[in-house]
Amino acid sequence: MEIIKAIVLAIVEGLTEFLPVSSTGHMILTAHLMDFQGEKVKTFEIVVQLGSILAVVVVFWRRILSLIGLNTASSESGGSHLNLLHVVIGMLPASLLGLLIHDFIKKYLFSATTVVLSLVVGGVLMMVAENKKTAVKAATLDQVTYKQALGVGLFQCLALWPGFSRSGATISGGLLLGLSRKTAAEFTFIMAVPIMVAASGLDLYKSWDSLSAADFPMFAAGFVTAFIVALLAIVAFLKLVERVSMTVFAVYRFILAAVYSYFFLF
Numbered sequence: 001m002e003i004i005k006a007i008v009l010a011i012v013e014g015l016t017e018f019l020p021v022s023s024t025g026h027m028i029l030t031a032h033l034m035d036f037q038g039e040k041v042k043t044f045e046i047v048v049q050l051g052s053i054l055a056v057v058v059v060f061w062r063r064i065l066s067l068i069g070l071n072t073a074s075s076e077s078g079g080s081h082l083n084l085l086h087v088v089i090g091m092l093p094a095s096l097l098g099l100l101i102h103d104f105i106k107k108y109l110f111s112a113t114t115v116v117l118s119l120v121v122g123g124v125l126m127m128v129a130e131n132k133k134t135a136v137k138a139a140t141l142d143q144v145t146y147k148q149a150l151g152v153g154l155f156q157c158l159a160l161w162p163g164f165s166r167s168g169a170t171i172s173g174g175l176l177l178g179l180s181r182k183t184a185a186e187f188t189f190i191m192a193v194p195i196m197v198a199a200s201g202l203d204l205y206k207s208w209d210s211l212s213a214a215d216f217p218m219f220a221a222g223f224v225t226a227f228i229v230a231l232l233a234i235v236a237f238l239k240l241v242e243r244v245s246m247t248v249f250a251v252y253r254f255i256l257a258a259v260y261s262y263f264f265l266f
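Mapping the sequence shown onto the working numbering, position 124 (from 1) lands on 124, and the numbers just tick up by one.
Misleading hints may appear alongside valid ones.
[Stated by the list, open to error] No farther apart than 20 Å at their CA atoms in a straight line, the calculated lysine-lysine pairs in the PhoX-like style are these: (1) Lys-40 <-> Lys-5; (2) Lys-107 <-> Lys-206; (3) Lys-107 <-> Lys-42; (4) Lys-132 <-> Lys-182; (5) Lys-133 <-> Lys-182; (6) Lys-106 <-> Lys-40; (7) Lys-107 <-> Lys-40; (8) Lys-137 <-> Lys-182; (9) Lys-107 <-> Lys-147; (10) Lys-147 <-> Lys-137; (11) Lys-106 <-> Lys-42; (12) Lys-42 <-> Lys-206; (13) Lys-40 <-> Lys-206; (14) Lys-42 <-> Lys-5; (15) Lys-206 <-> Lys-106; (16) Lys-182 <-> Lys-239.
If you are wondering where the hints come from, they were derived from the structure by calculation, not from laboratory data.
No experiment lies behind these values; they were computed from the predicted model shown.
Go ahead and model the full structure; you've got the sequences and the hints to work with.
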């Protein structure tokens, strides 16, 4: 039963990690429903996130190689204008703030109640961004400026609140700053690789003593499941993102928050 619960949780992670609906929030709520909780489960959630990150690396491998100078022909214009500095600038605000308030987040924000609240607040931001109708200044990744990268990075700080959604915060920020929806999504995915590897690595290091060899089958099943599901979800989302309004995801968040609150919190 433990492995079955782990696979279910990994499917939820893979499906939601890069959608603007909050994978962390969904995992917390799902684990709560299955009574699958404890320190080992928190560590498991970190491992399956790494599986999802591997899926991003597979999808964007050419672009990622170009960022480190190993592939100079990845951009549409014949040479990559998006560079590693864009990614560093984008990830810096949330990385620094996350280090400062890491313990506070772990202690006070990982509950079903705070997740439900953040689902609602994040949904409101997404609707505001979608209806603002900011003029598009960056239709492709190679048109993203350093200023826009910093702005998206500041919006990413909101995702430190579990349930807010990293992609929801950054895509909304990107729309408000003049990125097209697809460009904002692609920049979000690429920027997520280093920041999630760093954050997950830190959490995994801190939790290492609580693991044993008996946990390997559960963790391996979760990692592989999250990778496969996330790979499919990323490809599907990138095809849909130009046609599907962020309002659709915001409404989903409101419904989820209302249903969960009605049946499980009150």
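Hints versus structure:
1. Lys-40 <-> Lys-5: holds (13 Å)
2. Lys-107 <-> Lys-206: holds (15 Å)
3. Lys-107 <-> Lys-42: holds (13 Å)
4. Lys-132 <-> Lys-182: Roughly 17 Å between the alpha carbons, so the hint for Lys-132 and Lys-182 holds.
5. Lys-133 <-> Lys-182: Holds. Lys-133 to Lys-182 sits at ~15 Å (cutoff 20 Å).
6. Lys-106 <-> Lys-40: holds (14 Å)
7. Lys-107 <-> Lys-40: holds (16 Å)
8. Lys-137 <-> Lys-182: holds (13 Å)
9. Lys-107 <-> Lys-147: violated (33 Å)
10. Lys-147 <-> Lys-137: holds (12 Å)
11. Lys-106 <-> Lys-42: holds (10 Å)
12. Lys-42 <-> Lys-206: holds (11 Å)
13. Lys-40 <-> Lys-206: Measuring from Cα to Cα gives roughly 12 Å; hence the hint holds.
14. Lys-42 <-> Lys-5: holds (13 Å)
15. Lys-206 <-> Lys-106: Distance ~12 Å between Lys-206 and Lys-106 Cα, so the pair holds.
16. Lys-182 <-> Lys-239: Given that 20 Å is the threshold and the Cα spacing comes to 9 Å, the pair holds.
In summary, the structure is inconsistent with hint 9 from the numbered list given earlier, while agreeing with all the others.
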